[in-house]
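Working from the sequences, and respecting the hints, build out all of it.
Protein chains in written order, with our numbering: chain A, 167 to 494; chain B, 38 to 326; chain C, 13 to 254.
Restricting the straight-line Cα-Cα distance to at most 25 Å, the calculated cross-link-like pairs of lysine to aspartate or glutamate (DMTMM-like) are:
hint: 1; chain 1: C; residue 1: Lys-68; chain 2: A; residue 2: Glu-362
hint: 2; chain 1: B; residue 1: Lys-159; chain 2: A; residue 2: Asp-407
hint: 3; chain 1: A; residue 1: Lys-470; chain 2: C; residue 2: Glu-150
hint: 4; chain 1: C; residue 1: Lys-120; chain 2: A; residue 2: Asp-371
hint: 5; chain 1: C; residue 1: Lys-102; chain 2: A; residue 2: Glu-363
hint: 6; chain 1: B; residue 1: Lys-320; chain 2: A; residue 2: Glu-362
hint: 7; chain 1: B; residue 1: Lys-126; chain 2: A; residue 2: Glu-476
Quick list of simulated restraints, FRET-style, between CB atoms:
hint: 8; chain 1: C; residue 1: Leu-181; chain 2: B; residue 2: Ser-278; range: 43 to 53 Å
hint: 9; chain 1: A; residue 1: Gly-303; chain 2: B; residue 2: Thr-202; range: 46 to 56 Å
hint: 10; chain 1: C; residue 1: Asn-129; chain 2: A; residue 2: Arg-446; range: 53 to 63 Å
hint: 11; chain 1: A; residue 1: Trp-477; chain 2: B; residue 2: Glu-157; range: 36 to 46 Å
hint: 12; chain 1: A; residue 1: Ser-480; chain 2: B; residue 2: Leu-103; range: 57 to 67 Å
hint: 13; chain 1: A; residue 1: Gly-449; chain 2: B; residue 2: Pro-252; range: 23 to 33 Å
hint: 14; chain 1: B; residue 1: Leu-103; chain 2: A; residue 2: Gly-303; range: 33 to 43 Å
hint: 15; chain 1: B; residue 1: Ile-175; chain 2: A; residue 2: Arg-446; range: 52 to 62 Å
hint: 16; chain 1: A; residue 1: Phe-273; chain 2: C; residue 2: Arg-88; range: 11 to 21 Å
hint: 17; chain 1: A; residue 1: Leu-465; chain 2: B; residue 2: Met-221; range: 29 to 39 Å
Covered, in the sense of this in silico footprint (three residues per stretch, anywhere, with C-beta under 8 Å from a C-beta of chain A), are these stretches of chain C:
hint: 18; stretch: 90-97
hint: 19; stretch: 101-108
hint: 20; stretch: 114-126
No lab work stands behind these hints, which were simulated from the structure alone. Note that beta-carbon positions come from the ideal geometry of N, C-alpha and C, so glycine has one too.
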Amino acid sequence: MDRRLILTPLISLGVLSLVPPLLGFNNYYLLLASLILLYTTMVSAWNIIGGFAGQVDLAAGAYHGIGIFVTGLLFIFYRVTPLIGIFLGGLVAALLAVAIGYPTFRFGLREVWYALSSLALVVILYKLFLVWESVGGTIERYLPKVGFSWFYLMFPGNYLYYYLMSALLLVATIVVNIRIRYSKLGYYLLAIRENEEAAEMLGIDVRRYKLYALMIYSFIVGLTGGIFVLMLGYVHPVLFDSWISIQTAILGIVGGLGSIAGGPIIAVILLAIAEYLRVRFGGYIPGLHQILFAIILMLIVLFKPGGIGEWLDSLWHRITARRGMEVA
Amino acid sequence: MLSPTLLLQNLIFGVLLGSIYALAAIGLSLIFGVVNLTNFAHGDFIMLAMYISYFLGVSLKLDPILTPIIGFPVFFLLGIAVYLAIFHKIIRAPPLSQIAVTVGLLVLLRNFALAVWHAEPKSIPRTLLGYSYRLGSILIPADRLTGMLISIATFLILHLFLTKTKTGIAMRALADNLDSAALMGVNVRNLNMLTCALGIGIVALAGGILLTFQPVNPMTGLIYGLLTWSIVAMAGLGGVSGILLSGIIFGLADAFTAAFWDPRAREITIYILFILLLWFRPKGLFGRR
Amino acid sequence: MPKPILEVRGVTKRFGGLTALNRVSFNVEEGAIIGIIGPNGAGKTTLFNVITGFLKPEEGKVIYDGHTVTGLPPHRIARMGVARTFQIVKPFPELTVEEAVRVGAYLKAEDEGEVNNIVDDVLEFVGIEHLRDRYGKELNLIQLKLTEIARALATRPRLLLVDEAVAGLTPGEIDNIIEMVHRINRERNITVCLIEHIMRFIMRVSERIIVLHHGEKIFEGKPEEAYEDEAVIKAYLGERRI
Chain A
167 MDRRLILTPL
177 ISLGVLSLVP
187 PLLGFNNYYL
197 LLASLILLYT
207 TMVSAWNIIG
217 GFAGQVDLAA
227 GAYHGIGIFV
237 TGLLFIFYRV
247 TPLIGIFLGG
257 LVAALLAVAI
267 GYPTFRFGLR
277 EVWYALSSLA
287 LVVILYKLFL
297 VWESVGGTIE
307 RYLPKVGFSW
317 FYLMFPGNYL
327 YYYLMSALLL
337 VATIVVNIRI
347 RYSKLGYYLL
357 AIRENEEAAE
367 MLGIDVRRYK
377 LYALMIYSFI
387 VGLTGGIFVL
397 MLGYVHPVLF
407 DSWISIQTAI
417 LGIVGGLGSI
427 AGGPIIAVIL
437 LAIAEYLRVR
447 FGGYIPGLHQ
457 ILFAIILMLI
467 VLFKPGGIGE
477 WLDSLWHRIT
487 ARRGMEVA
Chain B
38 MLSPTLLLQN
48 LIFGVLLGSI
58 YALAAIGLSL
68 IFGVVNLTNF
78 AHGDFIMLAM
88 YISYFLGVSL
98 KLDPILTPII
108 GFPVFFLLGI
118 AVYLAIFHKI
128 IRAPPLSQIA
138 VTVGLLVLLR
148 NFALAVWHAE
158 PKSIPRTLLG
168 YSYRLGSILI
178 PADRLTGMLI
188 SIATFLILHL
198 FLTKTKTGIA
208 MRALADNLDS
218 AALMGVNVRN
228 LNMLTCALGI
238 GIVALAGGIL
248 LTFQPVNPMT
258 GLIYGLLTWS
268 IVAMAGLGGV
278 SGILLSGIIF
288 GLADAFTAAF
298 WDPRAREITI
308 YILFILLLWF
318 RPKGLFGRR
Chain C
13 MPKPILEVRG
23 VTKRFGGLTA
33 LNRVSFNVEE
43 GAIIGIIGPN
53 GAGKTTLFNV
63 ITGFLKPEEG
73 KVIYDGHTVT
83 GLPPHRIARM
93 GVARTFQIVK
103 PFPELTVEEA
113 VRVGAYLKAE
123 DEGEVNNIVD
133 DVLEFVGIEH
143 LRDRYGKELN
153 LIQLKLTEIA
163 RALATRPRLL
173 LVDEAVAGLT
183 PGEIDNIIEM
193 VHRINRERNI
203 TVCLIEHIMR
213 FIMRVSERII
223 VLHHGEKIFE
233 GKPEEAYEDE
243 AVIKAYLGER
253 RI
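Structure follows, in structure tokens:
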């Protein structure tokens, strides 16, 4: 168990650090790679609420957007450094999630209604910021031009830094996944996913633990928004994007519910293919990558509900188990 | 600003709009209730219906209000096709699988529309119903009035179908989860298929009416999807009349938000109402149990 | 006379027009094994659901260990030391047997080491050590029932409610369960409350039984006396002969 906590971040950081040289430190590719890592981070975070706790959450686009707006607006209006802004973005996202999650779980909303209300949250925030002219409105609000600055985390024309930030956040999220999975919290969430009544009878405060999962997930997704806005350079209500929600859930399900490795691996692969499709065919069929995601999702759910994580996990289990024995 | 005329005007707008929204939602309610299937793509069928009306309107110079004459049979068959290809595989599946598969369908429909008709909103060049009746200073748009009449007629026919015919009674028995005599000798599979065909078919009526006064773009599906689910949530197990009433309540919320706040804020009111409803009245307002 | 660990006082539970429990009262002494029997629809499972907090009674109250627990959520009642199994098993299909038992063990354990000890101990006690790494979805009925008992025992309860443990089991498996109920009671000092449909089974495990019929308690006493009780014969035994 402790092995995994050291090995996994080391291996994944090692692999991720090979990417920039392989891309020839090309700025455009690094931008794409950073975006892929941020989306992958969301998938890994989603695993906590969707995979472990079994709640089909479709609010990623909302929490991501909150991260974007909190980090962006604090920077634009008050010159608050994103070093703090990103963190606050995550915090506000988590607070919002709890404010909505508390009654949602209190009143026992499950499955379809939870999914629908979380998806509605994305549209509500989009429209709210559209109407709320003093912070949102229809025009882009650009981040101040401060030049190269560590303090403001601004690195104009050099996406390597953002790539590294995204990579660190992803690895941290995976570590959080591992920590949760093999702890009381993880077992409690899995029990809730498997059978809520049985979980209650084993002394689990189902609502409270669902809320914990929701908080951790929304906090991390909020952080991704903070890094995202630094790369993008502006805020706009359209960034409350329902596709982010759908994409995250699709990749989480295809990766395998509760699988720590499955989601991130499938996400990196499919998002890379998606970027290729977007660049290559985007002119003729703008949504080709979305079509691909949808078809893969439907095939996986209909024919291999465990997702690819199922055999990935058993493979990983076998490897680590053998290693563990050698050490012992 | 807040004159009685304006209030009355928007009351009328809301009722007109709401009865059309109800028509858009009744198919979802049937499929959710009878087939026990969670369809996240319902709004995208509405979007598709609006595009089909647009297509027929442009290519055949057909008035959008008349397009359901072609649209209904096409969507009826589409319902059967979707049932056979997708829905019947997930009827017994857990909610997560149903949500996932129909979200996949939503993405497919949305991108199909995007590829064929592109992202810019489309609206019909003109409808014969582009005029309004005047009652003093109150305007009653002919397109929406016609829409309401079609909607009410549809609800009446549906009500008669569900209460007087053997098939309709069997459908209701299935919706109530009763192993009652009404289901004796009934082929449940065919009943499910018929419900899907009918549920998707009626969407074509709503799509044609909606296009007479609202443009369509590929993202319209999400908006109508959440709206129709809101109506179903409010109606609970209240049957067809519950859907009609819920539709009107949401229509009023829509009209009043647009008039007194901001037209762009309509979804804010509607979805917040939806979420509050789920919290405080999870069984709906018009549930029988 | 030992003090009661569970007191049910005048509990009434209605579902719409149907009265599932009608002013049911009884005590369970600490250390006892008590059986609750009655024909289908008598309100047995409803009674368990009221005791464990899944249902709120319209009238009456449930007192556990001197504290009124009516209205508390199930997880609070579980924390106080009440565990139960379900009539229709509620397994964790995607968790291994060990993981399922772990979930229970976390309730009272202070640290991971203690969790591991509880898991090992309970798996051995229930005799399902060999199933440790099997997933819930791979188990047959008796294995699922044993896992559910193990899961419940891992919460270190003082009172265990067992809802129809032997339905659908073979005679040999039933013997196994009977022996285990006795061991749970004697070796672990756990008070056991059993719901059963089958009279013969209850005769072999409990010294005292309660008979429910149409939501009312019609008998309380020794099992062999139940056979001579007119109301019981009419309501329950009569039906069983059919």
